[in-house]
Amino acid sequence: MVILLKGEWYDLRDLANPVRELIDGIGLPDAVDYVLWSLIASVAILTWLVVSVIAFIWIERRVVALMQNRKGPNRVGPAGLLQPIADAIKLLLKEAITTRDADRMLFWLAPIIVFIPTIVVFAVVPFGESMVLANLNVGVLFLIAVAGIMTPAVFIAGWSSNNKYALLAAMRTIAMLISYEIVQVLALLSVVIFIGSMNLQTFVSWQDEYNTWLIFIMPLPLVAYLIAGAVEINRSPMDISEAESELAAGYHTEYGGIKFGFFYQAEYMAGFAIAAAVTTLFLGGWTLWGLEEWIPGWIIFLGKLYAVFFLYIWSRGTLPRLRIDQLMSFAWKFMLPLMLVNVLVIGAEVFIWEETGASRNIALPAIGAVNTTLAVILVVGWGRFLGHGSGRQRGYRATLTREIGKIYYTGAEAS
Amino acid sequence: MTTYVSGIQIAHLIDGQFPDAVADAQPEFAVVKSESLVEVLAWLRDDPDQAYEFLSSLTGVDRIDWFEVAYHIESFQHNRASTIKVRSSDRENPSVPSAVPVWPGAQLQEREAYDLLGINFEGNPDLRRIFLWDGFAGFPLRKDYLNLPGGQMPGLERFPGEPGVELSGRGTE
Amino acid sequence: MTIKSEPFVVNVGPQHPSTHGVFRLRLTLDGEKIIDADMVMGYLHRSMEKLAEERTYTQNIPFTDRTDYLAAMTGNLAYVMAVEKLMKIEVPERAQFLRTIMAELQRIASHSMAIGIFANDCGAWQTPVMHMFRDREKILDLFEMACGARLTLNYMRIGGVSRDIPDEWMPQAYKLLKELPKRFAEYEDLLLSNEIIVARSRGVGVLTPEQAIAHSVSGPMLRGSGVAWDVRKADPYAAYDKLDFEIAVGTNGDAYDRFVIRLAELRQSLHILEQALDMMPGGPVHERLGTATVQPGGQSIAPLALRPPVGEAYGRIESPRGELGYYIVSDGGPSPFRFHIRSPSFINLTPIKQMAIGTTVADAIVILGSVDIVVGEVDR
Amino acid sequence: MEDTGTIVAFWILALITVGAAFGVAAVRNQIHSVVLLIVTFAGVAGLYITLSADFIAVVQILIYIGAIAILIIFAIVLTPRAGRLNQEGFMLLPALGLAALVAGTMIFVAFDTSWAISERDGFEETATAIGDLLLDKYALPFEIASVLLLSAILGAILLVRPEGAEEEIE
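Residue numbers (the numbering used here), protein chains in the order written: chain A, 1 to 415; chain B, 1001 to 1173; chain Y, 2001 to 2380; chain L, 3001 to 3170.
Keep in mind that a hint or two might mislead.
Heads up, incomplete: computed chain L residues facing chain A, CB under 10 Å, no partners named [said to hold, decoys possible]: (1) Ile3031; (2) Ala3057; (3) Ala3069; (4) Ile3070; (5) Pro3141; (6) Glu3143; (7) Ile3144.
Computed spacing ranges between beta-carbons, pair by pair [said to hold, decoys possible]: (8) B:Gly1138 with Y:Ile2035: 53 to 59 Å; (9) Y:Ile2035 with B:Ile1008: 22 to 28 Å; (10) Y:Ile2035 with L:Leu3098: 15 to 21 Å; (11) A:Phe385 with B:Thr1003: 42 to 48 Å; (12) B:Gln1009 with Y:Ile2035: 45 to 51 Å; (13) L:Thr3113 with A:Leu28: 39 to 45 Å; (14) B:Asp1047 with Y:Arg2046: 48 to 54 Å; (15) B:Asp1126 with A:His388: 41 to 47 Å; (16) Y:Asp2038 with L:Leu3158: 51 to 57 Å.
Since the hints were derived computationally from the structure, they do not count as laboratory data. Even for Gly, the Cβ is constructed at its ideal location relative to N, Cα and C.
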């Protein structure tokens, strides 16, 4: 059956095949072919993104509602399924208000700029075996670079609103994004060193060939990347740039209507981008230990992507928010040294593997075990060194008494 | 059980320490002269036998003939409570010393009394209106704030329809 | 050489998710650091003290619902107790127990909200609040059974309570009492040792006992600073002298202590409720007052026009937010000559400036959340 | 450069880059200047792509848009009492003259030089080649640059430290 399907137009395991058949069949000149091919792929990716965002708005609201003991949207359409569409229509029809003191040009520009990187990232993401719009050699770097455009966009949004909450949030966001960008780069650097390529397809094929996912070999960069990703997409406990309880709605306080909708969508799309990167780099992309022969690769990929994105929904429903100085010191004092050590360790491992030429059946489990142990030792040890585990992180119960007028204050642990 | 120290008792105690400071004593409260208020309050707070370290409530009352400020004080150590008052008979610009040097907790409450009754607390570092806006005309909790037609004062003199009393004031037929 | 940024004034409120109503905090910032804080209030000022001077003593009871709208029962109780003190009325024992039970249920409801909102101020995205709402709903159901209202209850009367509880009330209350310990254990698991909440609130907004007493703060804030003071214990009112309970005190005086005290008080309230329900005596729930007349068609047997003797009374109770006092001056007329509310929310705000300076915006929000204000009670 | 597509792309990108660069100098609002600067950087990144230098292009976006532009924004926003608008300065005319001089020299040099065009195709993987060069032939300049950056970081920390902080450290 596999042979039967291979490359036929009805072979849904790779949606690129039928499209290629179609375009090749027409027989156009190269340039037109190229443009047509890109156009189809872009439209397909955009459609998927919008549908996913709409679906996940509903899923997030329902899931968080379940976590919070309530029902969530359940009125518009069956089980509230049409709620996101109704919301979208509402946002589209709302008056586009620009505040009087806003910098009009930048105020309108910001939602557009914020939208660009979140979409462009998907150009390099391999959805299936040949389902990648631009198979860049520097794919990993591209992921980080394009996500970096978010930073000025957020600042422009916060600054142009001429609102103090927005400006404060924008400054916070920039400081945070820059700090965690370094962590993100170092986390991906260790992965790139190990694989020896920055091409995302190479990552997938490497993990397919060696029959292992990088999550088992390097858990530490994965966790670091997930945390840095949470910062990038403003998910709790890192959502200080939105910080609902402190800064109203953060940098997009003054935005309403479809401009707000842009930010809202961009946040989800950036989340998908992070999840896509995690899926491709650490979770084997569109492969599933041979099952991709039977199940279309893109379904496997999307399944993994949504599972990773669900982590962010989960954390949002569960965790409170940290303070900005705590997050900054976490980035600089905790994550950065760990990531530097990690890069060093991975480099040494690659070097030793190359020198000894050990077979993969010995080398990979050994490296995985070493890295996992090291990760635990580093996290616990470095945490201890920074004063974690001194008891200040632990909660305690109130003292109970029946005596009136006595003073129990010790002040020992305050300050 | 909290011991409620009667005004007469506490007036005697204050008199022993500060002769000439007590102006009046009732079972419910003792009235202290405004010039010695701060030192009396400080003594009540600091003296180990009194130790009224907690100012529970501070509020002003417009008694029409005079304004008074009531200090409800408590002692945690002895589990006692008492009431001290100070009066000011200036109708237009009543003024009493501020209790903020003794209890910083009086700050907001003195602002409230100033805002609503127009009692001027001398020595309060930050005496501004608190609930009403700057420039609000008059002090609404004063009994003469609303001068009703026919010279009637606001407030129920009687409850409408209550038997035995003739209708007057704002009661309607 | 030092580089400083410009001072930057941020208004937190009056329309802001974390000011719990229309309250405004003007923060002057240097970067993220607060260098000055000022409170602006009065957005919800309804001049209750003036209005009360024009209404009869009984007509004033609904005002007390609307000061602290999250704890209407305790507001009722403090006011009727002040009037009873003025008129020297003895309240029947069953009414005393009913008042105690209602006040403790209200404390659980109010503390639940306070804890949930505090977690929200620490940045949790509504989850703790929603869980806390579940219990609060059940308590409000009990209130509805007892008096027909859920929020502004208007249940207590001068001389007792407005009506006896229906027969189905007690089984329902016992059922709730069985459920609640499980829930409280859940909250303690979720929140007490939550590392982020600890990191956010520990050592934030520290108030030493000397400062706390000097600033007249009361309730969980005073106990958070380690002062074992609870009006229920110090000056037992209603039926508290017959019940056994403990006071929760903190040792560090920070926001976290105020939070754990509220959690501990949930359990103490439950303990009080268990005893009170078991000990509940029979008998009338309302003292017949001298001039009482039964209202045509109305259920209330409270007299419409009470005329307390000339004098004054200061009644105080331990509301969920602190020492709630009503100071009533009577000139012998049917309405109070002066009606003053010593509202704990308002007075607990006194040291805000001191606590906030030197911290960050995020800390200021946590501090404000740990004070647990109700703006209806701040502005009155 | 025979490919029509590349030529069209080059001219479009060149126009955007030069136009935005002119805007950076001409626009009064400093934040607008920074936004235009970001456009310039993006245009330069596009020009790198036309030269099939994909690595450099991506790094250009990462470093210049993601970091340098943000640094400039920080510098503008955090400067105390700095006007958000550029002031009319007395140096306007001399600066214009100097700029014209520099531009003229550059145009002259650009037209006068006989540019050597490599016959070899572009690298397939530029990243590897750059990495090899940086850590092999140009290792010393690379290290010197790192030391320079490190000292810059330390200097910055020293500058922004509040005056009382010295005692805290000791």
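How the hints compare with the structure:
1. Ile3031: Since chain A brings a Cβ to about 6 Å from Ile3031 of chain L, closer than 10 Å, the hint holds.
2. Ala3057: holds (8 Å)
3. Ala3069: holds (6 Å)
4. Ile3070: holds (6 Å)
5. Pro3141: violated (21 Å)
6. Glu3143: Given a least distance of 17 Å, the restraint on Glu3143 of chain L is violated.
7. Ile3144: violated (21 Å)
8. B:Gly1138 with Y:Ile2035: 53 to 59 Å: violated (36 Å)
9. Y:Ile2035 with B:Ile1008: 22 to 28 Å: violated (50 Å)
10. Y:Ile2035 with L:Leu3098: 15 to 21 Å: Because 44 Å falls outside the window, the suggested range is violated.
11. A:Phe385 with B:Thr1003: 42 to 48 Å: Given a distance of about 56 Å, which is not inside 42 to 48 Å, the answer is violated.
12. B:Gln1009 with Y:Ile2035: 45 to 51 Å: holds (47 Å)
13. L:Thr3113 with A:Leu28: 39 to 45 Å: Cβ of Thr3113 of chain L to Cβ of Leu28 of chain A: about 41 Å, so the range 39 to 45 Å holds.
14. B:Asp1047 with Y:Arg2046: 48 to 54 Å: Cβ of Asp1047 of chain B to Cβ of Arg2046 of chain Y: about 41 Å, so the range 48 to 54 Å is violated.
15. B:Asp1126 with A:His388: 41 to 47 Å: With Cβ atoms ~42 Å apart, the hint holds.
16. Y:Asp2038 with L:Leu3158: 51 to 57 Å: Violated, since Asp2038 of chain Y and Leu3158 of chain L (Cβ atoms, about 35 Å apart) do not stay within the stated range.
In this structure, the earlier hints numbered 5, 6, 7, 8, 9, 10, 11, 14 and 16 are contradicted, and the remaining ones agree with it.
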